[in-house]
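Undergrad: Now for the letters of each chain:
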Amino acid sequence: MAARVDALFFFLVGVSLFFAALICILIVYFAIKYRRRSEDEQPAPIEGDLRLEILWTVIPLGLTMVMFVWGAKLFFVTYHPPSNSLEINVVAKQWMWKVQHPEGQSEIDELHIPLGRPIKLILTSQDVIHDFFVPAFRVKKDVLPGRYTTLWFEATKAGEYHLFCAQYCGTQHSGMVGRIVVMEPTQYQTWLSGGTTGIAMATAGAKLFQTLGCATCHMENDTGRGPSLVGLFGKTVQLQGGKSMVADETYIRESILNPSAKVVAGYQPIMPTFKGLISEDGIFQIIAYLKSLNRQEGAQAQK
Amino acid sequence: MNEQSIERREHYLNVNYGIRSWLFTTDHKRIAWLYLLSVTFFFFIGGFFATLIRLELLTPQGDLVQAETYNKLFTMHGVTMVFFFLIPSIPAVLGNFLVPMMIGARDLAFPRLNLASWYIFILGGLFTVAAAAAGGVDTGWTFYTPYSSIYSNTHVALTVVGIFITGFSSILTGLNFIVTIHTMRAPGMTWFRLPLFIWAHYATSIIFILGTPVIAIALTLVGLERIFHLGIFDPALGGDPLLFQHLFWFYSHPAVYIMILPAMGVVSELIACFSRKRVFGYGFVAFSSLAIAVLGFLVWGHHMFVAGQSVHAGMVFSLLSFLVAIPSAIKVFNWTATLHKGSVSYNAPMLYALGFIGLFTIGGLTGLFLATLGIDIHVHDTYFVIAHFHYIMVGGAVMGYLGGIHFWWPKMTGRIYPEVWARIAALVIFIGFNLTFFPQFILGYLGMPRRYHVYPPEFQVLNVMSTAGASILAVGYVLPLLYLMWSLRYGAVAGANPWRARGLEWQTASPPPTDNFDRTPIVTEGAYAYEKEPEEIYTFGKPAHV
Numbered sequence: 001m002a003a004r005v006d007a008l009f010f011f012l013v014g015v016s017l018f019f020a021a022l023i024c025i026l027i028v029y030f031a032i033k034y035r036r037r038s039e040d041e042q043p044a045p046i047e048g049d050l051r052l053e054i055l056w057t058v059i060p061l062g063l064t065m066v067m068f069v070w071g072a073k074l075f076f077v078t079y080h081p082p083s084n085s086l087e088i089n090v091v092a093k094q095w096m097w098k099v100q101h102p103e104g105q106s107e108i109d110e111l112h113i114p115l116g117r118p119i120k121l122i123l124t125s126q127d128v129i130h131d132f133f134v135p136a137f138r139v140k141k142d143v144l145p146g147r148y149t150t151l152w153f154e155a156t157k158a159g160e161y162h163l164f165c166a167q168y169c170g171t172q173h174s175g176m177v178g179r180i181v182v183m184e185p186t187q188y189q190t191w192l193s194g195g196t197t198g199i200a201m202a203t204a205g206a207k208l209f210q211t212l213g214c215a216t217c218h219m220e221n222d223t224g225r226g227p228s229l230v231g232l233f234g235k236t237v238q239l240q241g242g243k244s245m246v247a248d249e250t251y252i253r254e255s256i257l258n259p260s261a262k263v264v265a266g267y268q269p270i271m272p273t274f275k276g277l278i279s280e281d282g283i284f285q286i287i288a289y290l291k292s293l294n295r296q297e298g299a300q301a302q303k
Numbered sequence: 001m002n003e004q005s006i007e008r009r010e011h012y013l014n015v016n017y018g019i020r021s022w023l024f025t026t027d028h029k030r031i032a033w034l035y036l037l038s039v040t041f042f043f044f045i046g047g048f049f050a051t052l053i054r055l056e057l058l059t060p061q062g063d064l065v066q067a068e069t070y071n072k073l074f075t076m077h078g079v080t081m082v083f084f085f086l087i088p089s090i091p092a093v094l095g096n097f098l099v100p101m102m103i104g105a106r107d108l109a110f111p112r113l114n115l116a117s118w119y120i121f122i123l124g125g126l127f128t129v130a131a132a133a134a135g136g137v138d139t140g141w142t143f144y145t146p147y148s149s150i151y152s153n154t155h156v157a158l159t160v161v162g163i164f165i166t167g168f169s170s171i172l173t174g175l176n177f178i179v180t181i182h183t184m185r186a187p188g189m190t191w192f193r194l195p196l197f198i199w200a201h202y203a204t205s206i207i208f209i210l211g212t213p214v215i216a217i218a219l220t221l222v223g224l225e226r227i228f229h230l231g232i233f234d235p236a237l238g239g240d241p242l243l244f245q246h247l248f249w250f251y252s253h254p255a256v257y258i259m260i261l262p263a264m265g266v267v268s269e270l271i272a273c274f275s276r277k278r279v280f281g282y283g284f285v286a287f288s289s290l291a292i293a294v295l296g297f298l299v300w301g302h303h304m305f306v307a308g309q310s311v312h313a314g315m316v317f318s319l320l321s322f323l324v325a326i327p328s329a330i331k332v333f334n335w336t337a338t339l340h341k342g343s344v345s346y347n348a349p350m351l352y353a354l355g356f357i358g359l360f361t362i363g364g365l366t367g368l369f370l371a372t373l374g375i376d377i378h379v380h381d382t383y384f385v386i387a388h389f390h391y392i393m394v395g396g397a398v399m400g401y402l403g404g405i406h407f408w409w410p411k412m413t414g415r416i417y418p419e420v421w422a423r424i425a426a427l428v429i430f431i432g433f434n435l436t437f438f439p440q441f442i443l444g445y446l447g448m449p450r451r452y453h454v455y456p457p458e459f460q461v462l463n464v465m466s467t468a469g470a471s472i473l474a475v476g477y478v479l480p481l482l483y484l485m486w487s488l489r490y491g492a493v494a495g496a497n498p499w500r501a502r503g504l505e506w507q508t509a510s511p512p513p514t515d516n517f518d519r520t521p522i523v524t525e526g527a528y529a530y531e532k533e534p535e536e537i538y539t540f541g542k543p544a545h546v
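In the order they appear, the protein sequences are chains A and B.
Counting in this note's numbering, the first sequence runs from 1 upward without gaps.
Counting in this note's numbering, the second sequence runs from 1 upward without gaps.
Take the hints with a grain of salt, since some may be wrong.
Said to hold, decoys possible - Going by beta-carbon spacing under 7 angstroms, a handful of chain A positions derived as facing chain B:
id: 1; residue: I23
id: 2; residue: W56
id: 3; residue: R138
Read the hints as simulated data drawn from the structure, not as lab findings.
Ideal placement from N, C-alpha and C gives every residue a C-beta, glycine not left out.
Turn these sequences into a full structure, and let the hints guide you.
TA: What follows is the structure in structure tokens.
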């Protein structure tokens with residue numbers, strides 16, 4: 001990705017150098033060649049030239065359209081992570097980055113990733129707007145409170161890279177930096193299993209699902225007061241009022257914090273809000289748990 | 001004309017004396033001076049903040065001031081320079097002085113409103129200065145929510161009230177210009193005989209009127225959320241943080257054109273006068289100003305490519321942003337073509353104008369990088385952006401402003417500035433500017449984020465270059481302050497038309513009489529008919545004041 005951004009960047013550098021040089025050379029050349037030689041000099045009037053006007057409208061227009069299409073294509077790629085991406089959750093707060101790996105590893109201001117595998121980050125903020133910026137990968141995305149943004153990249157060289165917060169976020173903004181550690185896949189596996197391992201995110205989510213009392217209504221066999229959440233993730237759900245939507249991370253987050261916003265058809269809006277009872281990290285864990293229910297269901301269906 | 005005649009003749013400066021005659025004046029020329037003094041004050045305040053920023057960035061450790069102070073410095077630098085220098089600079093100083101004179105009017109349409117707008121400007125300025133004196137504000141001039149509305153512990157409310165108030169002075173000035181240009185043109189001054197300076201100010205006035213209310217609303221909402229905890233922008237209160245960015249940039253992107261369009265108007269005048277030639281493609285240059293004003297309202301989303309707006313919104317805003325580049329390119333090509341087969345002299349105003357074209361070209365071309373989606377993802381919120389907009393606002397707007405001040409100084413004061421010093425200052429500013437800001441393009445590409453108090457040591461070399469350039473630039477800005485003040489007393493007497501220009505403002509005495517023209521001018525040609533003598537272009541009818 002970095003190479004593709006750079007190719008476009010240097011194409012623009014080339015175009016810019018050409019036009020900047022053209023203008024500068026013409027100005028200097030005209031200024032010298034037509035310098036005022038006597039105070040009474042009076043050049044002949046020239047009104048303009050329609051052909052020239054068209055020429056210097058059409059050529060820049062054509063060139064900028066090339067830039068537009070090329071840049072938009074790249075942008076499109078950055079918006080659509082490959083389906084085999086490794087998903088990692090990041091919560092930003094003044095002034096640190098909290099990272100949760102699906103296997104349960106969590107880290108602060110550091111992100112360990114394997115080489116050669118697309119990484120998809122799901123980002124959210126606990127307070128103000130931050131921005132996850134890794135210059136070496138040419139990626140940047142604002143991290144907003146109250147919603148999820150995503151970003152993906154694939155490291156092609158092992159090593160350590162800067163992680164910057166690029167959206168001004170308060171006093172220690174320039175201290176909200178960290179490092180991305182890109183490791184060989186085998187080393188990454190060792191890193192994952194070593195050290196102080198937390199429990200896997202899905203397991204932590206299952207525990208939260210019990211302790212917060214979710215399970216009393218959202219029963220697996222669909223006999224509770226709320227719908228069963230088995231196999232929910234990624235499915236299209238019918239809402240009251242005839243609308244439908246895909247149950248993605250954003251939908252689940254909203255349904256936990258503001259349950260009456262989108263109620264599934266056939267159910268009463270009786271679920272209380274969990275605002276203040278669950279952290280952003282906790283919501284990520286619940287989502288991981290719900291995703292794991294999909295996989296279990298798939299496995300059972302195969303049996 | 002000699003020393004005595006400038007003193008003996010009655011003109012707008014000596015018609016009466018005393019502080020009251022200035023504070024209660026309704027003469028657009030005197031109000032221009034009130035603005036000149038005010039914006040010069042704010043320019044050096046903003047420059048002082050910039051100096052401290054550059055000194056801090058000399059070393060990577062953040063050892064000169066604390067993080068909180070640093071954040072206040074760049075915020076106050078931006079707020080002062082954008083709202084209290086750049087936006088009013090050319091329109092309220094040169095525009096105020098010249099719009100009536102260029103179209104052959106005695107004053108603006110609403111002289112008292114004009115004075116009121118200066119008082120409103122000063123009132124807004126006082127609030128902002130009070131906020132700075134009380135401890136400052138640390139949100140960045142962009143006031144992004146929810147940081148500004150909930151989290152910042154600094155004087156956000158006081159500052160936004162100041163900006164809110166000042167906005168009304170912009171609106172009133174814009175209103176005054178539009179009505180004046182429509183209704184008070186001298187006989188024969190048709191739309192297509194208007195100087196391009198007037199076209200540029202007309203376009204600017206449209207933005208003043210349509211854009212400024214939106215920033216007022218946006219900042220009011222920040223204040224309401226901050227003081228009354230109304231949930232507008234903070235998601236914790238049920239608001240949407242991106243809504244603020246939409247509202248903010250809906251004004252603040254067009255505001256960039258408020259800063260650059262008047263400078264483009266100045267440059268058109270300077271290039272024509274010092275090439276002694278009509279502006280090449282007059283109609284294209286005039287309409288490109290209007291095109292910029294209109295298209296400028298449709299590109300705000302290019303500030304939000306990485307902010308979380310949808311991929312399709314990003315594409316539309318990218319496309320529109322490329323389109324707004326075209327009228328700017330047309331202007332640059334036409335100015336360059338104006339030099340062709342001209343009679344080019346290198347007076348200081350012309351040096352500023354030529355410098356403007358070069359720096360604006362670089363600023364414009366690097367704008368293309370930011371409009372390109374795939375590249376903006378990398379350079380957004382880095383020093384690349386800082387360099388880009390300083391090339392437009394300082395390399396463009398400030399160069400245009402200084403060029404204009406030098407050019408019309410003889411008209412405003414009746415005296416000529418010292419030419420050698422002025423050329424030296426123009427060169428010092430050009431060199432200092434490039435040394436300050438060009439390294440920042442590279443810093444941005446290498447990934448240095450903006451608004452960083454502490455930075456990784458590998459960025460130090462480029463930062464040292466930038467700070468060195470800034471010290472040269474500071475010298476360049478102090479020079480004109482000194483020699484222009486000197487020239488008020490000791491400068492050579494200018495005479496009515498020292499540049500042998502063809503604009504209507506040069507066809508009356510310097511300094512002009514209070515009513516601008518002793519007799520009503522009648523116009524038979526456009527403002528750039530350099531091949532004709534002024535007497536062939538203008539005749540003078542009845543005495544203006546009967």
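Undergrad: With chain B as the partner, please determine if I23 of chain A meets the hint condition of a C-beta pair closer than 7 angstroms.
TA: Since chain B brings a Cβ to about 5 angstroms from I23 of chain A, closer than 7 angstroms, the hint holds.
Undergrad: W56 of chain A was flagged as interface toward chain B. Is the shortest Cβ-Cβ separation under 7 angstroms?
TA: It holds, given that the least Cβ distance between W56 of chain A and chain B is near 4 angstroms, below 7 angstroms.
Undergrad: Closer than 7 angstroms between Cβ atoms is the bar; does R138 of chain A clear it against chain B? Give me holds or violated.
TA: 4 angstroms, holds
Of the numbered hints given earlier, the model fails none.
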